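Which chain is which? The protein sequence lines are A and B, in order.
Our numbering numbers the first residue of the first sequence as 1 and each following residue consecutively.
Our numbering numbers the first residue of the second sequence as 1001 and each following residue consecutively.
There could be a bad hint or two in this list.
Unchecked claim - Sample of chain A residues facing chain B (criterion: CB under 7 Å; computed from the structure):
hint, residue
1, THR70
2, GLY74
3, PRO155
4, THR282
Since the hints were derived computationally from the structure, they do not count as laboratory data.
All of these numbers come straight from a predicted model, not from anything done at the bench.
A virtual CB, placed ideally from N, CA and C, is assigned to each residue, including glycine.
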Amino acid sequence: MSVTSAVDDVRPARSRPARGATRARSGSGLRARDRSGYLFVLPFLVFAGLFLAWPIVSGLWMSLTDRSLTGSGGGFIGFANYAEAFTDPQVWQTLWQTFLFTVISTVPLVLVGLVMALLVHTGLPGQWLWRTAFFASYLLPVAVVTALFLWLFQPDIGLFNTWLGNLGLAPVGWLSEEGVAMVSVALVTVWWTVGFNFLLYLAALQSIPGTLYEAATIDGAGAWRRLFSITLPQLGNVTGVVLVLQVLASLKVFDQIYLLTAGGPNGSTRSILEYIYDTGFTNYRLGYASAISYVFFAVILVLTLVRLRPTRKES
Amino acid sequence: MTLLTGPGPQMSRRTLLRSALVGAGAVALGATAGCATDAAAGGRTQVRIWDLFSGADGERMQKMQAEAMKANPDVAIESVTLAWGSAYYTKLAMASSGGRPPEAAVTHLSRLAGYAPGGLLEPFDMDVLADLGITQESFAPAVWERASYQGELYALPLDTHPFITFYNPQVVADAGLAGPDGLMRSPGSVDELLAAGKAMAEVTGETGLAYGYVLDTAQAWRLFWGLYAQTGAGYELVPGRSAQIDEQKATEVVEVIQAILDGTVAPRSQDYPGAIASFVTGRSGMIISGEWELPAFQEAIPDVGGMPFPTILGTPANYADSHAFVLPRQAHPDRARRDATYRVLAHIVREGSLTWAGAGHIPAYQPVLSEPDYQKLSPQKDYAAAGEIVVLDPPVWFAGAGGDFQARMSDAMTPAMQGRADAASAVRQMLREMNRFLSTPNPA
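Next up, chain A with everything else stripped away, as it sits in the complex:
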């Protein structure tokens, strides 16, 4: 988000002469440009309609039926699916676990990303190397990341347990112990995606005007003072963006969990999206799965509204 705004800052300066030329040409050109504007938006509208609007409507209808993946069912059953969802302990358990994951992944993702960006920005030599190294893991597909970590976490011969063994410590069931498994999944997620937050923060850091620091230095502010009174406040907006993006990404966690633990051990890492997937695609109950999706959707909607209000005021 700050990426686009930074680009926008640059572009008007470059294209200013061109814009003046267009204005000089004619007034009727504007209307033609409007029309072509709609034409450009049309493909997006078609796709959004087909793959966003229609599924939302059709999913809502499906949640009111007993539709099954095998094609049978489909009769209207009112709110029976919703009634079942509210009394299904699995829904609440997986919802709770999803929130848990969101908390234990978002906090380190934001903090580690920030610290990495600060370190790189304030003088580690070989900036390009750090930049590439920190961002590289983000470019890996999830299947590669999980395959790597499955071997690292391997209970018998994995690297982590070998290290622990060398230190004389007892092996840890990284993915097989309840309570530990979710932390391991969060660890994988942080390693995999922290590069993106790092990049957003680094971009924001580079756009803080140097004059602020100069003035502060003249006023006698030390490095820490500058960090807390200039750098961090200037990063406030980016932090808001990073937080929202991160919370949304974490709430819809599915792939790394599905590939690492399939929801185990004993269901302790099953996220709500995985429960929806299991219900709809493994157990074929599309109607009920849709109902759970809408319950989840409502929860996210409430969260977003609560979260968005302060941000809007700030900006």
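Once you've looked at the hints, dock chain B against the given chain A.
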């Protein structure tokens, strides 16, 4: 990225649009190409077969299909191998309900109860099969029964693949567990199995048995359900009613498993690849495993031995499943394709069974078992007896290979197996999960 490297070479809008158009065109071309498959088959009748064999058995299935094509030159088989597991059955169900499924597909017999009643499959025409030399007499009665629904045959059985034990003959001999014929003496009680495990652990220096179940969606259930059958206890799982199992016996079974996973006889916490690695590298002398891993074991231990799962709880019983061919219901049946499908399937089951046995599976087509060529296959002939005492999953719609039920059951047992919970609580959770499945409506 461009942000950090400065205004580098950027894709112009026109280039972007052009490449997007080209991309869209390619997609459209791909879509139309899908309709022209019969022409691509060179005028031959096309038979599409889906399977889930991605391991060593996949190679053999390709070979069997190639031979079936050689015998039926007018048929072109298009084989699609998909990943094993729940996603395979999701795809199969979706293709069938969409009306454009493959002509034939491989399923586990344990999944048939969830498929046959829903109208997703077509029964086999027994007269046509009989003309091709396939009759009921050629199959074990128990297997035939599981392949049938309401008196009609819905699945053509290809094999039985039991969950058995393999052993390293060297370790077994050093531990003094070999009989006069050089084969391992099968332990006849829990104590004998534990003693054998300890003896082998002394030889290997690590553990006696290897058994990987951690984070696996089936392994724990396979061991449990086979041993539960060995206790002779019955069960009643009827949708809409609460589960009836012998809790006492089930708890005993979990306790037996806990005793085996004591860290010496077998590791407390081992996962599937870890168990295989331990066995093939000689860090354990025996492995509890499906026979489908045989080719992998033979590569490392050429003279690897095998035997049915030891009868340690009284009644001989061996957990197993069975691969079979089914005919997904077509929205637009094609007579020529159907006829070709019957011919190639019959050829694969009758003539391909020996090839199939090489992958470790016990052919369902019984006449093969008495052939001298099969009797030469070792260790297959040593564990073929397991095929006579097989126990499949309960015949309810939610059970079966790659299903959520097996995963939930395995999950429920894991804490107890790792020694972090007691056996009784594991059984209570299994019962809770069973009741949850029994109370959900059958989606088919």
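Hint-by-hint comparison with the structure:
| no. | hint | in the structure |
| --- | --- | --- |
| 1 | THR70 | holds, 5 Å |
| 2 | GLY74 | violated, 11 Å |
| 3 | PRO155 | holds, 5 Å |
| 4 | THR282 | holds, 4 Å |
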